[in-house]
Amino acid sequence: MDINATLLGQLITFLILVWFTMKYVWPPITKAMQEREKKIAAGLEAADRSKRELELAEHKALAIIREAKLDAAQIVDQSHKRAVQIVDEAKANARTEGQRILDQANEEFAREVSRTRETLRKHLASLAIAGAEKIISRNLDPVTNAALLDEFVAEI
Amino acid sequence: MNTETASAITPAQYVQHHLDHLLFNLNSMSFGNNGFWTLNLDTVLVSLVTGLIIATLLRVVAVRMTAGVPGKLQNFVEIIIEFVQKSVTDTFHGTSKIIAPLALTIFVWVFFMNVMDLLPIDLLPRALAAVGFTHFKNVPTADPNMTFAMSISVFVLIIFYNFKIKGWHLAKEVFTKPFGIYLFPLNITFRLVEEFVKPLSLALRLFGNMFAGELVFILIALLPWWAQWLPGGIWSIFHILIISIQAFIFMMLTIVYLSMAHDKH
Chain D
59 MDINATLLGQ LITFLILVWF TMKYVWPPIT KAMQEREKKI AAGLEAADRS KRELELAEHK
119 ALAIIREAKL DAAQIVDQSH KRAVQIVDEA KANARTEGQR ILDQANEEFA REVSRTRETL
179 RKHLASLAIA GAEKIISRNL DPVTNAALLD EFVAEI
Chain L
204 MNTETASAIT PAQYVQHHLD HLLFNLNSMS FGNNGFWTLN LDTVLVSLVT GLIIATLLRV
264 VAVRMTAGVP GKLQNFVEII IEFVQKSVTD TFHGTSKIIA PLALTIFVWV FFMNVMDLLP
324 IDLLPRALAA VGFTHFKNVP TADPNMTFAM SISVFVLIIF YNFKIKGWHL AKEVFTKPFG
384 IYLFPLNITF RLVEEFVKPL SLALRLFGNM FAGELVFILI ALLPWWAQWL PGGIWSIFHI
444 LIISIQAFIF MMLTIVYLSM AHDKH
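Same order as they appear, the protein sequences are chains D and L. For what it's worth, the working numbering labels the leading residue of the first sequence as 59, then goes sequentially. For what it's worth, the working numbering labels the leading residue of the second sequence as 204, then goes sequentially.
This is chain D alone, in the form it adopts within the complex (with noise of 0.2 Å):
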C-alpha cells in the first residue's frame, strides 16, 4: 500500500501507452471512419441523384412513347389515305386505259371493215370487167348472158 517505485514504473508504462495509442491506433481508426462517414454521404447523395434521373428519364420515355404512338397513328392514317388514293388512280388508269384500247380496237375494225371493202369493191369491180369480157367475147346471146349473169352473181 506504499508509495514506492512501482509508481515511476507505471508512469512510463502510461506514458508508452499514450504515446502508442497516439500514434499508432486513433489516427488509422479514427481516419477510416471519416472515410466511411464520407463513402456514406456520398453514396447516399447518389442514390438520391440517380433516383432524380431515373424518375427524369422515365418521363422522357413516356413522352417519346407518346410522340411514337402519335407518329405511329399518322403514319398508318397517311397510308391509307395513301392506299386509296392508289387504288383510286389505278381504277381511274385502268377506265382510261381499257377505254382507249376499247376506242384502238373499234378503229382498227372500222379500218379493217373499210379495206375489207375496199377489196371487196375492188374485186367486184375485176370481177365485173371479168364478166363482162367473158360475155363480150361470146355472142351477145341473151339467153347465155342471162346465164353468165346468173353464174356471175352466183359466183359472187
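These are computed hints drawn from the structure, not numbers from a lab. Heads up, some of the hints might be wrong.
Simulated pairs of lysine to aspartate or glutamate, EDC-like, Cα-Cα distance not exceeding 20 Å [unchecked claim]:
#, chain 1, residue 1, chain 2, residue 2
1, L, K380, L, E398
2, L, K300, D, E93
3, L, K289, D, E95
4, L, K467, L, E398
5, D, K81, D, E93
6, L, K369, L, E398
7, L, K467, L, E376
8, D, K118, D, D106
9, L, K275, D, E93
10, L, K380, L, E285
11, L, K367, L, D466
12, D, K97, L, E281
13, D, K96, L, E281
14, D, K192, D, E213
15, L, K300, L, D466
16, D, K81, L, E376
17, D, K192, D, E209
18, D, K89, L, E281
19, L, K275, L, E285
20, D, K192, D, E170
21, L, K375, L, E398
22, L, K369, L, E397
23, L, K367, L, E397
24, L, K401, L, D466
25, L, K369, L, D466
26, D, K96, D, D106
27, L, K375, L, E397
28, D, K180, D, E191
29, L, K289, D, E93
30, D, K81, L, E285
31, D, K96, L, E285
32, D, K97, L, E285
33, D, K89, L, E397
34, L, K275, D, E95
Since the model is a prediction, treat every value here as computed from it, not as a measurement.
Got chain D sorted already, so can you dock chain L onto it with the hints?
Showing chain L alone in chain D's frame:
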C-alpha cells in the same frame, strides 16, 4: 477460501495476506521490501499484461481497419472510440491531438485493470502460490501507485497546457480569480489547492473504489462456502457497474481538467 486454510490462518491474517503486494527489492534484486526502491511486481505485471493485450488488440484493429463494412471486432472498437470521441468533443473545444487518444487509453486500460477485480479473489494468488509466489494482488487499480501514476501524468499535462495555452493570461488568472487582485495571496492559495486536489482526487477516487470493492470480495470470501454465492453474486454484478463507471469517471475528469486548462476565462 476453503475450510482447510480457514483453520490454518485467522480471518485477520487472511485479509492482511490479501492486502499485501508481491514486493520486489530493487537494490538487492530479490523479493522483499526496500522502502521506496521496491516494485509491486503484481501491479506491474498485471498492468503490463492488460496494457499489452489492449495495445495489440487496438493495433490489430487499426491495421485491419477498412472504411468498408466493418467486422465484429472493428465494430466493437469503433463503438468505444466513437464513445470516447463524443465525450471529448462534448467538453473539449481545443485542437489538441493528445487528449482523445489519452482519454481512450485511460478508459480502456482502467476498465481492463478494473475487470481483474471480477476474477475470483483467490484464483490468481492460489495459482501463483503453487509456483512459489507468496503474495499476489491482481487489481492494479487498487494500488495507489498505479492510480497516482496516471493522475500525475494527467496533472503534468494540465500544468503544461495551462502554461502553453494561457501564457501571461495564466498569471492574471491566478492572481485575480476568484476574489479580485487585492486578495491575491488568497487567490494564489485557492488556485494551488484547486490544482493539486485534481490529481489527488483522480487517483484516490479510483483507488478507493477498487480497494473497497476488493476488500468486500475478501470479506465475502471469509463466509462459509455455502453462504458466499448470494453476496458474492450481488456484489459482482454491482461491481460491473462500478468498474465501468470508475473507468468512465477517470476518463471524463481527465477531459474536463484538460479542457479547463485550455479555456481562458
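Going through the hints against the structure:
1. L:K380 / L:E398: Between K380 of chain L and E398 of chain L the Cα gap is close to 13 Å, so the pair holds against 20 Å.
2. L:K300 / D:E93: With a Cα-Cα distance of about 19 Å, the restraint between K300 of chain L and E93 of chain D holds, given a limit of 20 Å.
3. L:K289 / D:E95: Roughly 15 Å separates the two Cα atoms, so the pair holds.
4. L:K467 / L:E398: OK: K467 of chain L and E398 of chain L at ~16 Å, within 20 Å.
5. D:K81 / D:E93: Distance of about 19 Å is within 20 Å: holds.
6. L:K369 / L:E398: Roughly 15 Å separates the two Cα atoms, so the pair holds.
7. L:K467 / L:E376: holds, 9 Å
8. D:K118 / D:D106: Distance of about 18 Å is within 20 Å: holds.
9. L:K275 / D:E93: holds, 18 Å
10. L:K380 / L:E285: Distance of about 36 Å is beyond 20 Å: violated.
11. L:K367 / L:D466: holds, 11 Å
12. D:K97 / L:E281: It holds: about 16 Å lies between the C-alpha atoms, which stays within 20 Å.
13. D:K96 / L:E281: holds, 16 Å
14. D:K192 / D:E213: holds, 14 Å
15. L:K300 / L:D466: holds, 16 Å
16. D:K81 / L:E376: Measuring from Cα to Cα gives roughly 34 Å; hence the hint is violated.
17. D:K192 / D:E209: holds, 11 Å
18. D:K89 / L:E281: holds, 11 Å
19. L:K275 / L:E285: holds, 15 Å
20. D:K192 / D:E170: Measuring from Cα to Cα gives roughly 32 Å; hence the hint is violated.
21. L:K375 / L:E398: holds, 16 Å
22. L:K369 / L:E397: holds, 17 Å
23. L:K367 / L:E397: Holds - the C-alpha atoms of E397 of chain L and K367 of chain L are around 19 Å apart, at most 20 Å.
24. L:K401 / L:D466: holds, 16 Å
25. L:K369 / L:D466: holds, 8 Å
26. D:K96 / D:D106: Within the cut-off at roughly 15 Å; holds.
27. L:K375 / L:E397: holds, 16 Å
28. D:K180 / D:E191: holds, 16 Å
29. L:K289 / D:E93: Distance of about 17 Å is within 20 Å: holds.
30. D:K81 / L:E285: holds, 18 Å
31. D:K96 / L:E285: holds, 16 Å
32. D:K97 / L:E285: It holds: about 17 Å lies between the C-alpha atoms, which stays within 20 Å.
33. D:K89 / L:E397: violated, 37 Å
34. L:K275 / D:E95: holds, 18 Å
In summary, the numbered hints that this structure violates are 10, 16, 20, 33.
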